[in-house]
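Residue numbers (UniProt numbering), protein chains in the order written: chain D, 1 to 615; chain F, 1 to 137.
Read the hints as simulated data drawn from the structure, not as lab findings. Take these hints with a grain of salt, some might be off.
Subject to a maximum C-alpha distance of 20 Å in a straight line, what follows is the list of computed EDC-like cross-link-like pairs (lysine to aspartate or glutamate) [to be verified]:
no., chain 1, residue 1, chain 2, residue 2
1, D, Lys-530, D, Asp-493
2, F, Lys-82, D, Asp-551
3, D, Lys-185, D, Asp-485
4, D, Lys-512, D, Glu-256
5, F, Lys-82, D, Asp-212
6, F, Lys-82, D, Glu-564
7, F, Lys-82, D, Glu-518
8, F, Lys-85, D, Glu-266
9, F, Lys-85, D, Glu-518
10, D, Lys-574, D, Glu-564
11, D, Lys-214, D, Glu-256
12, F, Lys-86, F, Glu-60
13, D, Lys-214, F, Glu-110
14, D, Lys-270, F, Asp-76
15, D, Lys-517, D, Asp-547
16, F, Lys-85, D, Glu-521
17, D, Lys-563, D, Asp-547
18, D, Lys-183, D, Glu-518
19, D, Lys-380, D, Glu-472
20, D, Lys-530, D, Asp-485
21, F, Lys-54, D, Glu-377
22, F, Lys-86, D, Asp-551
23, D, Lys-183, D, Asp-137
24, F, Lys-86, D, Asp-493
25, F, Lys-86, D, Glu-251
26, D, Lys-574, F, Asp-76
27, D, Lys-371, D, Glu-315
28, D, Lys-270, D, Glu-315
29, F, Lys-85, D, Glu-315
30, D, Lys-530, D, Asp-547
31, D, Lys-530, D, Asp-18
32, D, Lys-237, F, Asp-99
33, D, Lys-568, D, Asp-547
34, F, Lys-86, D, Glu-267
35, D, Lys-214, F, Asp-121
Bear in mind that the values here come from a model prediction, so they are computed numbers and not experimental data.
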Amino acid sequence: MAAAGAAGAVANVFPFRDARAAPDPVLEAGPGAHGPLPVPLVLDNGSFQARAGWACPGPDPGPEPRLQFRAVCARGRGGARGGAGPQVGNALGSLEPLRWMLRSPFDRNVPVNLELQELLLDYSFQHLGVSSQGCVDHPIVLTEAVCNPLYSRQMMSELLFECYGIPKVAYGIDSLFSFYHNKPKNLISSGLIISSGYQCTHILPILEGRLDAKNCKRINLGGSQAAGYLQRLLQLKYPGHLAAITLSRMEEILHEHSYVAEDYVEELQKWRCPDYYENNVHKMQLPFSSKLLGSTLSSEEKQERRQQQLRRLQELNARRREEKLQLDQERLDRLLYVQELLEDGQMDQFHKALVELNMDSPEELQSYIQKLSSAVEQAKQKILQAEVTLEVDVVDSKPETPDLEQLEPSLEDVESINDFEPLFSEETPEVEKPVTTVQPVFNLAAYHQLFVGTERIRAPEIIFQPSLIGEEQAGIAETLQYILDRYSKDVQDLLVQNVFLTGGNMMYPGMKSRIEKELLEMRPFQSAFKVQLASNPVLDAWYGARDWALDHLDNDEVWITRKEYEEKGGEYLKEHCASNIYVPIRLPKQASRFSDTQAPSKGSGASGGSAGEQA
Amino acid sequence: MEAMSENKMVTSDFSTGPMEKAAKPLPFKDPNFVHSGHGGAVAGKKNRTWKNLKQILASERALPWQLNDPNYFSIDAPPSFKPAKKYSDVSGLLANYTDPQSKLRFSTIEEFSYIRRLPSDVVTGYLALRKATSIVP
Chain D
1 MAAAGAAGAV ANVFPFRDAR AAPDPVLEAG PGAHGPLPVP LVLDNGSFQA RAGWACPGPD
61 PGPEPRLQFR AVCARGRGGA RGGAGPQVGN ALGSLEPLRW MLRSPFDRNV PVNLELQELL
121 LDYSFQHLGV SSQGCVDHPI VLTEAVCNPL YSRQMMSELL FECYGIPKVA YGIDSLFSFY
181 HNKPKNLISS GLIISSGYQC THILPILEGR LDAKNCKRIN LGGSQAAGYL QRLLQLKYPG
241 HLAAITLSRM EEILHEHSYV AEDYVEELQK WRCPDYYENN VHKMQLPFSS KLLGSTLSSE
301 EKQERRQQQL RRLQELNARR REEKLQLDQE RLDRLLYVQE LLEDGQMDQF HKALVELNMD
361 SPEELQSYIQ KLSSAVEQAK QKILQAEVTL EVDVVDSKPE TPDLEQLEPS LEDVESINDF
421 EPLFSEETPE VEKPVTTVQP VFNLAAYHQL FVGTERIRAP EIIFQPSLIG EEQAGIAETL
481 QYILDRYSKD VQDLLVQNVF LTGGNMMYPG MKSRIEKELL EMRPFQSAFK VQLASNPVLD
541 AWYGARDWAL DHLDNDEVWI TRKEYEEKGG EYLKEHCASN IYVPIRLPKQ ASRFSDTQAP
601 SKGSGASGGS AGEQA
Chain F
1 MEAMSENKMV TSDFSTGPME KAAKPLPFKD PNFVHSGHGG AVAGKKNRTW KNLKQILASE
61 RALPWQLNDP NYFSIDAPPS FKPAKKYSDV SGLLANYTDP QSKLRFSTIE EFSYIRRLPS
121 DVVTGYLALR KATSIVP
């Protein structure tokens, strides 16, 4: 049915794949994972997907992260069932039926609900084959948000060290790991990273290999806002298909059918032209079934059913008529007998009978007899006719107009018992309409198609023009300019020589040329710049983190050990080439459940305690 | 001394925490772990739910940051200085005109007639999409 590429009316029709995720197997940790030293676990903790795997040293580091799953969990269907427990990620299969019950540990790009984070970590460790008893005995490399709030890091460290008992952890930024992976290793590089993820887009200047954190900027728009925008646009355009326009399908459209226009205004002008529209509109075919349509579509089954009902009613009517006929016949006989009494001259009996019948005079009796006999005659006629039509119905199989003519007299039957058969009474007006033959099939399909035209470029455009969805923040181009203006001219040149694009939301076709065009507009005349896209924008963060972990296994200056966690608190961070900047502010340790049973924790709830602890 | 008191709190969390884990305990976890950020019913009325990002950021603001320290809210992108281009709500083309009755933007005559025939919930939907709904007094 989807004949894409062919010229003509059926061009550009695409079905939805509606893919379901397969549940992950519980993997065995391979032999590489149990080397002499415990092997690090690398976990790219993203708000869209979590990717986890081993960082195996040795010749074959392994192709891809072993686990990639959506960072969501949901309880079993039908309310909170204690037995099944919450399911995570790929074990959920299709996300759509559970859309309203999906919970994610993330709020924007920061994990805030650590219980759900614990579930995700449980899932990852279990499916990676972590087998150590009592604790997870491997160092962990974990990604965090740019300028992660201290509270969130504190909670995360607490979870890792106290619940899982890991020996040491290193936090890093996913876009910096991706940069690390794509650059030659021994070069201390500077550059400008534009990283667009599911929830937000960051622009990070790197100077001398270290992140210049105070000049970073974050735009709070990403893939999920683009998907939401696209969903609302299509739902408003096709209000009849509200339920079928789901977020998963929107993500499919974004991943496969959208692109970024190099010059937005010019591209829109192209879309104005109807020929361009016809050639480039993508018609997304929603699944449909013809049975669901109403009575306008007449199938042979409908005809059959109607015929059967008609027959049933006719039989019923015939029976009733016969009964009535019998009653009338008896009454007629009685009246005739009374009349004979009159003719025979037995006046007394006649008058007595008249009184019984509630009549006053022989004339009335006569007229009544006449009426009744004519009614009896008519009934007999009708019965004969009905029998004839029944026979004709049985013989006549095709639902064409001759059938209608036969059905006409039986309409009177029908109308007399309209209240008896409500379903049939609905269909009586249709019996009068000319019955059409089979509807052309592609008309029905066209009714269930979503025409995605300019939406293909509108949805990805929101990171360049946030005013499209009413956000006040500046888009990528203006923010780039703002950041570059904070540096001196030569530093600007240095940064612009090495613009690096990463992140899943950067994978639209045409994104690189769009960024190049924006840079061309804002840089001085005839200055040079270079834009590079990551080799695998989605997975490079994980690869980079794995490479980093293997390179820095022995380096104690980058790992936070358990001892340091206990001494310096959960929000402590050790800086390295791919990490955030650490600002040494102590957070008060959060009041635990048992704060009332322990004296030393009295001062821990208030922020006044922090000032005391900092000294 | 601070470190020691920290240690004591840590270890006592360990030993006195009650267990409330799911049915199948996983071998690599500590079954007695409780999150300190989430009180649950036991902590009483104070600490029921996880803080969401807004609350976390609000409490982060109160910390003693220096002027140049990077933190989550200081790296928010600034608002745009350039005037926003107007696009049609229906088709996304450049919109030169606005319907005074519904405040929707359109670019061609056909779009105008389409807009005038829209039901009111679709109209408010388009306006809400670009956050242009007016608050009726």
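Now for the hints, and whether the structure bears them out:
1. Lys-530/D to Asp-493/D: holds, 10 Å
2. Lys-82/F to Asp-551/D: Violated, at about 45 Å.
3. Lys-185/D to Asp-485/D: With a Cα-Cα distance of about 29 Å, the restraint between Lys-185/D and Asp-485/D is violated, given a limit of 20 Å.
4. Lys-512/D to Glu-256/D: holds, 17 Å
5. Lys-82/F to Asp-212/D: violated, 26 Å
6. Lys-82/F to Glu-564/D: Given that 20 Å is the threshold and the Cα spacing comes to 48 Å, the pair is violated.
7. Lys-82/F to Glu-518/D: The hint holds at about 15 Å.
8. Lys-85/F to Glu-266/D: holds, 13 Å
9. Lys-85/F to Glu-518/D: holds, 16 Å
10. Lys-574/D to Glu-564/D: holds, 10 Å
11. Lys-214/D to Glu-256/D: Answer violated: Lys-214/D to Glu-256/D is near 36 Å, above 20 Å.
12. Lys-86/F to Glu-60/F: Answer violated: Lys-86/F to Glu-60/F is near 37 Å, above 20 Å.
13. Lys-214/D to Glu-110/F: Roughly 50 Å between the alpha carbons, so the hint for Lys-214/D and Glu-110/F is violated.
14. Lys-270/D to Asp-76/F: violated, 35 Å
15. Lys-517/D to Asp-547/D: violated, 33 Å
16. Lys-85/F to Glu-521/D: holds, 17 Å
17. Lys-563/D to Asp-547/D: violated, 26 Å
18. Lys-183/D to Glu-518/D: violated, 24 Å
19. Lys-380/D to Glu-472/D: violated, 85 Å
20. Lys-530/D to Asp-485/D: This hinted pair holds, its Cα atoms lying about 18 Å apart.
21. Lys-54/F to Glu-377/D: With Cα atoms ~89 Å apart, Lys-54/F and Glu-377/D exceed 20 Å; violated.
22. Lys-86/F to Asp-551/D: Violated, at about 51 Å.
23. Lys-183/D to Asp-137/D: violated, 31 Å
24. Lys-86/F to Asp-493/D: At roughly 33 Å apart (the allowed maximum being 20 Å), Asp-493/D and Lys-86/F break the hint.
25. Lys-86/F to Glu-251/D: violated, 26 Å
26. Lys-574/D to Asp-76/F: Status violated; Cα separation ~24 Å.
27. Lys-371/D to Glu-315/D: violated, 26 Å
28. Lys-270/D to Glu-315/D: violated, 67 Å
29. Lys-85/F to Glu-315/D: Since the Cα atoms of Lys-85/F and Glu-315/D sit roughly 72 Å apart, the hinted pair is violated (cutoff 20 Å).
30. Lys-530/D to Asp-547/D: violated, 25 Å
31. Lys-530/D to Asp-18/D: Outside the cut-off at roughly 38 Å; violated.
32. Lys-237/D to Asp-99/F: At roughly 18 Å apart (the allowed maximum being 20 Å), Asp-99/F and Lys-237/D satisfy the hint.
33. Lys-568/D to Asp-547/D: violated, 28 Å
34. Lys-86/F to Glu-267/D: Roughly 15 Å between the alpha carbons, so the hint for Lys-86/F and Glu-267/D holds.
35. Lys-214/D to Asp-121/F: Violated, because 44 Å separates the two Cα atoms, which is more than 20 Å.
Checked against the numbered hints listed earlier, the structure breaks hints 2, 3, 5, 6, 11, 12, 13, 14, 15, 17, 18, 19, 21, 22, 23, 24, 25, 26, 27, 28, 29, 30, 31, 33, 35; every other hint is satisfied.
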